[in-house]
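Visitor: Each chain, letter by letter, is given below.
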Amino acid sequence: MGKRVGIIGVGQTHHAAKRLDASGVELIAEAVTRALDDAELTIKDIDAIVIGNMDHFENINYVDMWAVDGLGAFMKPVFKVTTGGTTGTTVGACGYYHCASGLFDVVMAVGWEKNSESDTQAAIATCSNPTLERDFFAGAIGPLATEYSMYMKAYGATEEDAAIVAARDRNNALNNPYAHSRQAVTVEDVLKSPMLSYPIKFLDMCPRSDGACAVIFAVEEKAKKLCPRPAWVHASVVRHDYTHFGDLEWTFMPTLERASAEAYKLAGITNPLKEFDVAELYLPASTCGVKWMDSLWFCDHGEAPKLVRKGTFHMDGELPINPSGGVISTNPIGATALIRIGEAAWQVMGKAGARQVENVKLALATGFGGCSWSDVMILGAELP
Amino acid sequence: MEKVAIIGVAQSKYEQNKPETFAEMVYDVTRRALEDAGITKDEVDNVVSVSSDFWDGRTISSMAIQDSACAYGKDITTVEGDGTFGCLYGMMRILSGSFGVTIVVAHHKGTESNMNGITNCAFDPLVERKLGIDAVSSAALQARRYMTKYALKEEQFALVSVKNHGNAMRNPLALFPMEITVEDVMNSRRIADPLKLLDCSPVTDGAAALVLAAERQAKKLSTRKKRVWLLGVGHCSDAYRLGDRDLADTRALKAAAKRAYAMAGIVDPLKEIDVAEVYDAFSYMEPLWLEGLGFCEDGMGCEYLERGYFNFDGKLPVNPSGGRLSANPVQVAGLAELAECVLQIRGEAGERQVGEVNVALAHGINGMCGQSHCVWILGR
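Just so you know, the protein sequences line up as chains E and H, in that order. For what it's worth, this note's numbering labels the leading residue of the first sequence as 218, then goes sequentially. For what it's worth, this note's numbering labels the leading residue of the second sequence as 18, then goes sequentially.
These are calculated hints, taken from the structure and not from any lab test. Keep in mind that a hint or two might mislead.
Listed below are the simulated SDA-like cross-link pairs for lysine to any residue, each with C-alpha atoms no more than 20 Å apart in a straight line [stated by the list, open to error]:
no.: 1; chain 1: E; residue 1: K220; chain 2: H; residue 2: M18
no.: 2; chain 1: E; residue 1: K482; chain 2: H; residue 2: K91
no.: 3; chain 1: H; residue 1: K271; chain 2: E; residue 2: M292
no.: 4; chain 1: H; residue 1: K243; chain 2: H; residue 2: E368
no.: 5; chain 1: H; residue 1: K58; chain 2: E; residue 2: R475
no.: 6; chain 1: H; residue 1: K58; chain 2: H; residue 2: G90
no.: 7; chain 1: H; residue 1: K147; chain 2: E; residue 2: E334
no.: 8; chain 1: H; residue 1: K243; chain 2: H; residue 2: Q370
no.: 9; chain 1: H; residue 1: K242; chain 2: H; residue 2: I56
no.: 10; chain 1: E; residue 1: K442; chain 2: E; residue 2: D254
no.: 11; chain 1: E; residue 1: K261; chain 2: H; residue 2: K271
no.: 12; chain 1: H; residue 1: K271; chain 2: E; residue 2: F291
no.: 13; chain 1: E; residue 1: K235; chain 2: H; residue 2: P142
Because the structure is a prediction, the values reported are computed rather than measured.
With these hints in hand, go ahead and build the complete structure from the sequences.
Guide: See the structure below:
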């Protein structure tokens, strides 16, 4: 059967709306260099590389080939995986399977995006069916606004509940030197910010960032040798939904329910709210930080607003979520979900700096993308 | 290490202007590959789609085909590149112990795409792209370099086209089965010097699917005749910029092949391998890659070809299916090769069966001028 695998190094760029000082390949090189430094390795120690992003964003075909210089992939095995918004977790999972398969010992997974050079919303719009749904579901905000509207109606959640999440994540970002948007905001500020698509307001929504992230995976024997406290992979699960948006369930997140249920089963978790010490979740809008908590089995359907209001997910709460500031503070799309894995790994490794949650033994990371794809990865301090 | 087998294969007929949508093509080959394996979709627990946003003209291109690949409620992921890389990820996912029966499926509609524009976008956006360079013109540079380095002639490359289009006459799935002569190739329209129309693979639509299973499951689910084992694999990438490489040097392919041979325990490839499906999107590529694969010395590919080594009845039949020159749905190419190797090993290749095959080789490339290669060894 497969090998046990740990994360032994993480690197990310300083993220910004425009990184005019670096090309895409240079951003990748920045993250790769930092991940190697973090793991105290050189590129010679890396056996294979996986990369991903979305073709149409920067209009680069064969990103794996184009990025060879930045990746350090010259004369190395490299390949590309891509699944839209979940690309980061897809890349991470692929790095994990490279090692778990026993074919490679030390593998680097890399995600990147230079949104300042792309027309993201136009590209995203092409993911939906060209004749039936492209006109109605153009861009990323509309579907998210739709689902929270329906959740509000079904369970009495409010715009303020989402604003609590937005303020939480944005203030957490003040502790993260890599975060793109670092500003102290109040719930009031969020509620007063311009409406983008009801009920989602400007400060509820993620930005578009330039940046990259690299995560190094290693098989058990190597990880133990190379790293004092690897973040062991306990589960990696993906679930997706129907092709057409109109076929989706909107008041809960079936894919997240299925993916997390399977991941919890694999990791032997029965009470996620209690057993996880920290979570880095792909929440593209603060509204998801309310609605999706149900679907992660933290509570029953419709109970999430209560937990949010209680501060359960704040830094000093029962389960701190997004100490890094999350996606609404930093969003280089192809890297965004990989940053969740990287940040969760750092929390387990005790390397999260000012945003460190004390004594993390079990961490949850998720990815979210087009067509309600949900990715879940569970990392732990103990071997699985 | 546990072994992984291919227990089911299916390919569409390769055509131009296929009326089916991506989803319909994928549904067709997925269903038939499961039928070939003799299992139902309930026995599959994950799906690797091979898909390209550029070629599909659609962001998250795999979204459009996931339902028809029977991925609903399952773990699905997408490899972007040649089908050989998709198969590799399928094998990794099984070997990791996380998954059982795996579908790898690729689709491509070249006739709904703009080959020049799409392959132009594979080049550096600041400098090279402006030159208008694309897959064909960069291949022409490579062909020219190969000719210069080893004093080769266009007529020698034309022989590949004659051989492979001729082979395609035995393949009912091929797009362009043709009986042609070296003269026909030489007289065909010049596309990018030294490449003529008949040196280039056609724009093609099609799909292919494989069903993979780990040893234990494979033995439970399929008969000995159906099981073809993935014995070895290797992949490797060279530098990005054409100017940073000697285009007639196949170092990345050599590294990939070395890994695949080592894994499969192959010492003398020419002796031990019975049939090869090699990436021949352009005629010159076949001898060049055969050198990289170690079937002959560097620069000797064309001579071996002339001596008939790689003919249908030669010492090592290469591309008995007709190769990419006779049908080249880009992402699908590698999966089609793997499927052809499976049929050869099973003895089910019909008129294109080259005799008894124990070990077969499939080879796919990513990037321009074979920047990255993936080499597979399959066997009984």
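Visitor: Work down the list of hints and note, for each, if the structure agrees.
Guide: Against the structure, the hints come out as follows:
1. For the hint linking K220 of chain E to M18 of chain H, the alpha-carbon distance of about 11 Å falls within 20 Å, and the restraint holds.
2. At most 20 Å may separate the alpha-carbon atoms for a hinted pair to count; K482 of chain E and K91 of chain H meet this at roughly 15 Å.
3. With a C-alpha separation of about 10 Å, the suggested pair K271 of chain H and M292 of chain E falls inside the 20 Å cut-off, and the hint holds.
4. As the CA atoms of K243 of chain H and E368 of chain H are separated by approximately 19 Å, the hinted pair is consistent with the 20 Å bound.
5. For the hint linking K58 of chain H to R475 of chain E, the alpha-carbon distance of about 19 Å falls within 20 Å, and the restraint holds.
6. The suggested pairing of K58 of chain H with G90 of chain H holds, with an alpha-carbon distance near 12 Å, which does not exceed 20 Å.
7. Taking the CA atoms of K147 of chain H and E334 of chain E, the gap is near 17 Å; set against the 20 Å cutoff, the hint holds.
8. With a C-alpha separation of about 16 Å, the suggested pairing of K243 of chain H with Q370 of chain H holds against the 20 Å cut-off.
9. Distance check on the hinted pair: K242 of chain H and I56 of chain H sit about 15 Å apart at the alpha-carbon level, within 20 Å; holds.
10. With a C-alpha separation of about 16 Å, the suggested pair K442 of chain E and D254 of chain E falls inside the 20 Å cut-off, and the hint holds.
11. Between K261 of chain E and K271 of chain H the alpha-carbon distance is near 19 Å, which keeps this suggested pair within the 20 Å criterion.
12. The suggested pairing of K271 of chain H with F291 of chain E holds, with an alpha-carbon distance near 14 Å, which does not exceed 20 Å.
13. The straight-line distance between the Cα atoms of K235 of chain E and P142 of chain H is roughly 18 Å, inside the 20 Å bound, and the hint therefore holds.
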